[in-house]
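Peer 1: Read off the chains here:
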Amino acid sequence: MSSDLIRLSAAELGAAIARGEAGAVDAATAYLDRIAEVDGDVNAFLHVDREATLAQARAVDERRAAGEELGPLAGVPIAHKDVFTTEDMPTTAASKILEGWLPPYDATVTARLRKAGLVILGKTNMDEFAMGSSTENSAYGVTRNPWDTGRIPGGSSGGSSAAVAAFEAPLATGTDTGGSIRQPAAVCGLVGAKPTYGSSSRYGLIAFASSLDTPGPFARDVLDAALLHEAFSGHDPRDSTSIDAPVPPVVDAARRADVAGLRIGVVKQFAGEGYQPGVLQRFQESVELLESLGAKVVEVSCPSFDAALAAYYLIAPSEASSNLARFDAMRYGLRVGDDGTRSAEEVMALTRAEGFGPEVKRRIILGTYALSSGYYDAYYGSAQQVRTLIKRDFEAAFANVDVLVSPTTPTTAFPLGERSDDPMAMYLADLCTIPTNLAGNAALSVPCGLAPEDGLPVGLQIMAPALADDRTYRVGAAVEAALRDRSGGPLLAGSPYAV
Amino acid sequence: MSAITRDEVAHLARLSRLALNEDELDHLAAQLDEIISAVAKVQEAAEGDIPPSSHALPLTNVYRPDEVRPGLTPEQALSGAPAVEDQRFRVPQILGEEE
Numbered sequence: 001m002s003s004d005l006i007r008l009s010a011a012e013l014g015a016a017i018a019r020g021e022a023g024a025v026d027a028a029t030a031y032l033d034r035i036a037e038v039d040g041d042v043n044a045f046l047h048v049d050r051e052a053t054l055a056q057a058r059a060v061d062e063r064r065a066a067g068e069e070l071g072p073l074a075g076v077p078i079a080h081k082d083v084f085t086t087e088d089m090p091t092t093a094a095s096k097i098l099e100g101w102l103p104p105y106d107a108t109v110t111a112r113l114r115k116a117g118l119v120i121l122g123k124t125n126m127d128e129f130a131m132g133s134s135t136e137n138s139a140y141g142v143t144r145n146p147w148d149t150g151r152i153p154g155g156s157s158g159g160s161s162a163a164v165a166a167f168e169a170p171l172a173t174g175t176d177t178g179g180s181i182r183q184p185a186a187v188c189g190l191v192g193a194k195p196t197y198g199s200s201s202r203y204g205l206i207a208f209a210s211s212l213d214t215p216g217p218f219a220r221d222v223l224d225a226a227l228l229h230e231a232f233s234g235h236d237p238r239d240s241t242s243i244d245a246p247v248p249p250v251v252d253a254a255r256r257a258d259v260a261g262l263r264i265g266v267v268k269q270f271a272g273e274g275y276q277p278g279v280l281q282r283f284q285e286s287v288e289l290l291e292s293l294g295a296k297v298v299e300v301s302c303p304s305f306d307a308a309l310a311a312y313y314l315i316a317p318s319e320a321s322s323n324l325a326r327f328d329a330m331r332y333g334l335r336v337g338d339d340g341t342r343s344a345e346e347v348m349a350l351t352r353a354e355g356f357g358p359e360v361k362r363r364i365i366l367g368t369y370a371l372s373s374g375y376y377d378a379y380y381g382s383a384q385q386v387r388t389l390i391k392r393d394f395e396a397a398f399a400n401v402d403v404l405v406s407p408t409t410p411t412t413a414f415p416l417g418e419r420s421d422d423p424m425a426m427y428l429a430d431l432c433t434i435p436t437n438l439a440g441n442a443a444l445s446v447p448c449g450l451a452p453e454d455g456l457p458v459g460l461q462i463m464a465p466a467l468a469d470d471r472t473y474r475v476g477a478a479v480e481a482a483l484r485d486r487s488g489g490p491l492l493a494g495s496p497y498a499v
Numbered sequence: 001m002s003a004i005t006r007d008e009v010a011h012l013a014r015l016s017r018l019a020l021n022e023d024e025l026d027h028l029a030a031q032l033d034e035i036i037s038a039v040a041k042v043q044e045a046a047e048g049d050i051p052p053s054s055h056a057l058p059l060t061n062v063y064r065p066d067e068v069r070p071g072l073t074p075e076q077a078l079s080g081a082p083a084v085e086d087q088r089f090r091v092p093q094i095l096g097e098e099e
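Heads up: the protein sequence lines correspond to chains A and B, in order. Under the numbering used here, the first residue of the first sequence is numbered 1, with each subsequent residue one higher. Under the numbering used here, the first residue of the second sequence is numbered 1, with each subsequent residue one higher.
Careful, some of the hints might be misleading.
In silico negatives: residues of chain A with every beta carbon more than 12 Å from chain B [what the hints assert, rightly or not]:
(1) A55
(2) E68
(3) E291
(4) K296
(5) A308
(6) Y313
(7) D339
(8) D402
Looking from chain A toward chain B, a few residues come up when the C-beta cut is under 8 Å (computed) [claimed, not checked]:
(9) G234
(10) H235
(11) T241
(12) I243
(13) A245
(14) P249
(15) V287
(16) L314
(17) R326
(18) A329
(19) E345
(20) R352
(21) I364
(22) T388
On the chain B side, residues computed to face chain A include the following (Cβ under 8 Å) [claimed, not checked]:
(23) R6
(24) V9
(25) V42
(26) Q43
(27) S54
(28) L59
(29) E67
(30) V68
(31) V84
(32) Q93
No wet-lab data here; the hints were simulated from the structure. Since we're looking at a predicted model, the values are computed, not measured. Cβ atoms here follow ideal geometry from the backbone N, Cα and C, with glycine treated the same way.
Please work from the sequences and hints to get the whole structure.
Peer 2: Next comes the structure, spelled out in structure tokens:
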């Protein structure tokens, strides 16, 4: 019974619960049992509280019994990246500086999903303050990729991707600042979307780089991702960069799954040196597949994308160095060395040295450097100009095509430890995903097969203009349906942790 | 020539309120040198008269209506504080004795 429930998609589970064939408590119990069974191997979760989750589930069943009109995902369990505040669960951003912190309020994303009746299973591991591409920068241990537990689950939202891929949750939230949803989704064989910047609220999201941070969904299929996307998106007056516009019709697009007549551009810059042959092979096959489904494919050149990684690793650390100044040991979080003899400034410096991990320190110093007088124009200023060029490249491309496609990541999941002390090698994992963040556009990663050389998942990235997220879902759903027909089932069925 | 020296990293650490130890400074100086040399690529790419973008959205001065709404209680606001006294955040001394 319980493995039957966890095998269902979120859409199917929500429908089964709505029909009264299962309760929210049954669904929560099935997933909590699964977490108890496999999370010792995967380590996707930082916080799970069985009784609290079951209490939430009972409350949803009671709301339904009382006749409340609930959405399509009511009763469906979800895991939240530990960067969204939850008023009833600790929120740490995987940092020692926030160990045990219980936020006094809910993030908009968590609040909206509670209202929609989703049941929180727990909080997932991540790179500290979302800085990383492997989840190895967590202060609370590494998370393992369910496809191969010797490999990274991606990052920074690697706990969320591993949880969904190991069937420990049907859905999860993540945040994408430079690829932190799409890259872990790609390397774990999942669907992950980076919504248009400003269409999902940052209120209650622990800030990394505020002009880039975007909450988004993880799911095992495109329709589930769309349902979750729709459930938490929309204007939020509490976020001053929230867009006051209707949510793009992503669920309809996922159901439509049709690309006939769609103009698709292949980004010329995302190929060549540094790309794994098997990744390029599966990508090329997806492009041919889209053509066979009636899409018109052309090659598009976006020359400034070559400088996107460099611009990102100036802009994001600059914003981070400013955002993380709030961790000052005064109002919440860790305080070290306050023995009555030290000044506030000394306590602050000791606390931050002990509370932040190496990657966070690296980025704070890099950002402080890029913003310092004498270097500002050469580094931060130039990076902002590159950002303009990237936006222009996208605008020029989208004048001729409806979406752009590329591999989501240059390689499949790499072994744990391989890049953990080589920051530049680690940063390359985000090569293809970063331009979309800098431009504030929409993108989605959908599985497009296993690389022949290592049998690990490959992701196809679909990029669309701002507020045209629905196009990414149309293309993603078409690829998903065609690949399922071809291989007789979902890609994830081939994972060692499939149920 | 290195893009950044160990002394500069130590200075930046002081500005960032990070009490780094000697080993951390050595390690970080080498890594930051490599990173800064790589990201300096933006300078070539940005040659010419190009306006900077600080943000993806063309938004300026977004205000919400000036309406009274519930806020945190003092207990909630202080709930995560490392030290509290008389319903206030208790902090280490800010001014030296001679100041």
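Peer 1: The structure should be examined with respect to each hint, and the outcome stated for every one.
Peer 2: Hints, verified against the model:
no.	hint	in the structure
1	A55	holds, 21 Å
2	E68	holds, 23 Å
3	E291	holds, 31 Å
4	K296	holds, 28 Å
5	A308	violated, 9 Å
6	Y313	violated, 5 Å
7	D339	violated, 9 Å
8	D402	holds, 20 Å
9	G234	violated, 16 Å
10	H235	violated, 11 Å
11	T241	holds, 6 Å
12	I243	holds, 7 Å
13	A245	violated, 11 Å
14	P249	violated, 21 Å
15	V287	violated, 27 Å
16	L314	holds, 5 Å
17	R326	violated, 12 Å
18	A329	holds, 6 Å
19	E345	holds, 7 Å
20	R352	holds, 5 Å
21	I364	holds, 5 Å
22	T388	holds, 5 Å
23	R6	violated, 12 Å
24	V9	holds, 6 Å
25	V42	holds, 4 Å
26	Q43	holds, 5 Å
27	S54	holds, 6 Å
28	L59	holds, 6 Å
29	E67	violated, 10 Å
30	V68	violated, 14 Å
31	V84	violated, 10 Å
32	Q93	holds, 6 Å
Checked against the numbered hints given earlier, the structure breaks hints 5, 6, 7, 9, 10, 13, 14, 15, 17, 23, 29, 30, 31 and satisfies all the rest.
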